[in-house]
Amino acid sequence: MTNPAKTPKKASRVTREAGKHHKPDFDPKSAAAIAEGSRKEGEALKPITVTPGMSSFREMVYFAFRNRKLVIGLSIVLFFLLLAIVGPYIAQHTPAEFSGPKNIAPTLKDGFYLGTTSNGQDIFAQFISGLRNAFEIGLLAGAIASGVAMLVGFVAGYRAGIVDEVLSMITNIVLCIPVFALLLVVAAFWQMKSILPEGFLVGIISWPWAARALRAQTFSLTAREFVSLARLSGERTFKIIFKEIAPNMSSYLFMMFILLFGGAILIAATLDFLGLGPGGTVTLGRMMNVAAIQNSAIYYGYWWWFVPPGLAIALIVGGAYFMNVGLDEVFNPRLREM
Amino acid sequence: MRLYLVRKLITYSLTAIAAVTVDWIIPHAMPGDPIKTLLARFAIRSEGTYQSLYHTFARSFRTDLPLWKQYYYFWVSLFHGDLGLSIDQFPTTVTTIIGRAAPYTLGLLVPAIVLSFYVGNKLGAFAARRKTLDNTVLPISYLITATPYMWAAMLIAWLLAYKWSLFPGLYGYDVTLKQSWSWRFIISLLDHWFLPFFTLFLIGLGGWAIGMRNMIIFELESDYSHYLEALGAPQRLIRKYAFRNALLPQITGLALALGAVIGGALVTEIVFNYPGLGSVIFRAIQNKDYFLIQGVFLFIILGILVANFCVDIVYMIIDPRTRIGMQGGQA
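Chains as they are written, first to last, in the numbering used here: chain A, 1 to 338; chain B, 1 to 331.
Chain A on its own, in the form it takes in the complex:
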């Protein structure tokens, strides 16, 4: 059943994972877990027990749907994503339009599902607009930050020595400067026109911790045989990094992206709350600013105005974090214990 051409590669992967999983906690009923168990017995070098059909991908999907944390976190995030997508078709007014009576509590009448502001604007429409902006900023800033973190982390971890020293020093410096304070001073001088520059700005500053974590991972992977082999066979550095090292960390990279996504939403909300966000569009942070500071909604108890935006942020970001824990357990069987 073993394809001779494929055997060495598979064997090396299995050994590697066997070293990682000290104590796999497995469900004896599942085929995946049996494969898992065999690795534990130290039969790793004989890939016979690993049936080709039970690929690691399918194994992961299996565990992914069994993982409560992942399912709950993902459902919350997807719910808000869906709401952001279909929201404009449900909303009966536009965010800016003065469409109704002032300060009414949530009602089904006239489509003011979340009530109105002190100017008679539809809070539901504003909320949807804010949700869309939050997702856009999270994705954009998360992608940019992941890109920079990968570049810095991979290169620093792979090319030890002076390159590493310099890159680590830069990382540590940017890490010391609080993202928030730096953004504050940049945004104060630079009036942003749309959420694109805001996402870019948040992304370009929030990468250091991720770069540091990636560097450590790359460092340990670089010492492995298959990387040495690639190096000996004369592969070019960038090819080794992206063909040999990066694919082995894909799960890790994905989790890093989720954390950066959540962090970016929080940072952007803070900026918007301070009035440093883009002017022309409604964001969740800006909604809280307008409600709490400009119109004393807290004092008058207009909870429908300031509760939904913050709650949505907390649930989306919390859901993303929770998803991350679940994914960690799916990717790393050592943690599958609860």
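Rather than coming from a laboratory, the hints here were simulated on the basis of the structure.
We treat Cβ as the ideally placed atom computed from N, Cα and C, and that holds for glycine.
Any given hint could be a false lead.
[Unchecked claim] For lysine-lysine, the following DSS-like pairs were computed, each having C-alpha atoms within a straight-line distance of at most 25 angstroms: (1) B:K240 x B:K131; (2) B:K163 x A:K102; (3) B:K240 x B:K122; (4) B:K288 x A:K193.
[Claimed, not checked] Here's a subset of chain B near chain A, in silico, CB distances under 10 angstroms, partners left out: (5) T15; (6) A16; (7) W151; (8) A152; (9) A161; (10) L166; (11) L170; (12) D174; (13) L256; (14) G264; (15) L305.
[As the list claims (entries may be wrong)] Residues from chain B that keep clear of chain A, each with C-beta distances beyond 12 angstroms, as calculated: (16) L67; (17) W68; (18) L85; (19) F198; (20) F243; (21) L247.
Let chain A serve as the given structure and place chain B on it in line with the hints.
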């Protein structure tokens, strides 16, 4: 040990230099004449005021000098503790405003950080490996860390200050009282201090609980824990050892978390209209008081660097490996 400290000091000095440079570059990198851009926002009608304001700005920015000299003078005035004048509260210096507001911010931050660190770690350690507790503490902790500070502050202000009227929801003290060290004034200070403090404490808690919970599970899996278990040591003793070891990375995390907590403190102050740096910076943003923004930025960064350095020293005291390993050069 010395190598460790020197390395840290170099990083912090470079960070300080980078921060000051960024603080200087940003107004200069703005397109067009920065002073005209600034003045355009004031909507000044009279030509005379415009001219005199323009000259004030030109002198402060020293735009008449070559760039390297401007940069040099920026440093010189920094070392004299001169961060310029506030535009909004005109003759007052930026240093005075910061000096007035900083005690309020520190008074919120220090107790909140210390207490949430202590309680969060204890909570996380207690919850780890205890099924029902873990299943409740963990999700709640994640939700808490994901909560934006200003929103938590709004909820707390709405419920505790307005709905149930337990605490005052605005300002740092009762404004009808004379500022003095009388008991009435101190009690009013504490009364107003509690809600913003509580917000910071609460939101900080989640992160520490999660971190400690994960670290302690990792430690309980390690060889020394298994060995202790094999020797028949009581669970409490094993957990005690695990807690001490798990605390080390948490202390490193403390330095990293400072930035986020300070950001949180600023927005929390804004919600409660607490007279600290947050309210200062908020007013500065609204009034385009750029010198004040620059000054607060520098103050925050230097504060963080000093705090980081303190954390490093604490770390060195409690972890002998940093001392011995760095001294002999062998791990």
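Hints and how they fare:
no.	hint	in the structure
1	B:K240 x B:K131	holds, 19 angstroms
2	B:K163 x A:K102	holds, 21 angstroms
3	B:K240 x B:K122	holds, 11 angstroms
4	B:K288 x A:K193	holds, 17 angstroms
5	T15	holds, 4 angstroms
6	A16	holds, 9 angstroms
7	W151	holds, 3 angstroms
8	A152	holds, 8 angstroms
9	A161	holds, 8 angstroms
10	L166	violated, 15 angstroms
11	L170	holds, 9 angstroms
12	D174	violated, 17 angstroms
13	L256	holds, 7 angstroms
14	G264	holds, 8 angstroms
15	L305	holds, 6 angstroms
16	L67	holds, 17 angstroms
17	W68	holds, 21 angstroms
18	L85	holds, 17 angstroms
19	F198	holds, 16 angstroms
20	F243	holds, 19 angstroms
21	L247	holds, 20 angstroms
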